[in-house]
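Asks: Sequence:
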Amino acid sequence: MTTEPPKGLKANLKRLYTNISDSQFQRCPKQDKYKKLLFSLCYFHSLLLERKKFLTLGWNILYEFNDSDFEVSENLMCIYLDHYEETPWEAMKFLVAGIVYGGHVTDDWDRRLLMTYINDYFQDGVISTIFYQLSSLPTYYIPKDGPLAVYREYVSMLPNVDHPEAFGQHSNADIQSQIQETKMMFDTLLSLQPTVSLVGSGESREDKVLNLAANIYKQIPDDLDYEGTVKILEMDHRPINIVLLQEIERYNTLMGIIRTALTNLEQGIKGLVVMTMELENTFQCIFDGRVPPTWLKAYPSLKPLASWTRDLVVRVEQLSKWSKRANPPFIYWIPGFTLPTGFLTAVLQTSARQNNVSIDTLSWEFSIMTVSDENIIGPPKDGVYVKGLFLQGAGWDMKNSCLVEAKPMELVCPVPTIHFKPVENKKKSAKGIYTCPCYYYPNRAGSGERSSFIVGVDMKAGEKSPDHWVKRGTALLMSLDY
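The opening residue of the sequence shown carries number 95 in the numbering used here; numbering runs sequentially from there.
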């Protein structure tokens, strides 16, 4: 038997305060501090549990926070308040967020979010401020001092449906989670469909898959000329050219796998070869409009099959143009690489050789361009221009070159070309700078074999604090799921 916490901040707070007895509520000698901090801890615990409803905008990885975490934290809080005259904030924050709750957290960016929340809810203002605000909404605050019944009454008056701002989220975050829930529901319904049926005007499943497979086969580009590219680049041994050759090999291998799979599938449907389990899976994926798992081994993606095929054509086209000339492009479409981290490492290696420094001393400095790509007439002196990134959880102000709130219904927005410049012994990020994690695709946790995280990009936080964008789950994505 398993138990799940109820849904919603109100339901979670109500459950926590129902489980607290009067004797437990009054056991700490420093009642004025304890009562306020207890409510703050309850809100913190409930918020961590409920944030998972925002999916990747909530947590990169879903964590199983439980009642034991709350009980241990409450005990620690009571002990530390009792033993110290001055409230030991740093010690309590370290134990609660760093050890108890932080013991579950394995992702560095999730840990940053956890510390951002604990800094808000474990500070002097919680004790000294009357009706301390727990979010930007006036609804959520620490109620006035009183017996246990006062706190229970306040909780009972909270709204049943949580506004995203209660978590520091934008209202768009609700839309994103609802889209994902709807998609999961339709995927489930699709999986329940009968495997033998007629579709449309009487076309059989086999005929439909044959037509789709033939259409995909026509779209797959010809193999890139690896040998010809080697000859063109034989005198140029820059790391960036090694990346080009590696990418050509990977894409040629992928396209070979696709052609073989489609040819075998056609023969299998026509009864010329035995339909293996792998061919059955490919058949079902093409019928459902999903990318077969064997094709995704080259690079991860959440795109449906039609979008994925079009995207593959554009990826190969970028490499084809690059391979036919001796010089690399002025602006790199970075989502087109199967391994963007390898590309960025090659840029660092090039800079290290040019400046005769160790690559370990180099890091990135970022400048987001204020001009259109047409006005960029040459490569930068150092580093590279990169395009093709999307911003999730925020909008971008072109005029002031900073983060702004996303427009209603705008779930992602394109980001202008960014100059990635290697610098030596970079200073710590200045105040007002948000380090925005960049991911390869919308699944921020990545797969078991491969991380989705690529690099942290420094962006101006604008009128809001960097912590505001941490709570928003703001990130850069190299590809979308459509």
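One or more hints might be untrue.
To be verified - Here are the simulated distance ranges between beta carbons: (1) Arg206 <-> Glu247: 55 to 63 angstroms; (2) Pro508 <-> His257: 24 to 32 angstroms; (3) Thr112 <-> Cys507: 37 to 45 angstroms.
Because the hints were derived from the structure by calculation, they are not lab data. Owing to the predicted nature of the structure, the values given are computational and were not obtained by experimental measurement. Ideal Cβ positions, reconstructed from N, Cα and C, are used throughout, including at glycine.
Asks: Return holds or violated for the Cβ distance of Pro508 and His257 against the range 24 to 32 angstroms.
Replies: holds, 28 angstroms
Asks: Given the range 37 to 45 angstroms, decide if the beta-carbon distance of Thr112 to Cys507 lies inside it.
Replies: For Thr112 and Cys507 the Cβ distance comes to about 43 angstroms; the hint holds.
Asks: Is the distance from the Cβ of Arg206 to the Cβ of Glu247 consistent with 55 to 63 angstroms?
Replies: The hinted range 55 to 63 angstroms is violated for Arg206 and Glu247, with Cβ atoms some 35 angstroms apart.
Of the numbered hints given earlier, the model fails hint 1 alone.
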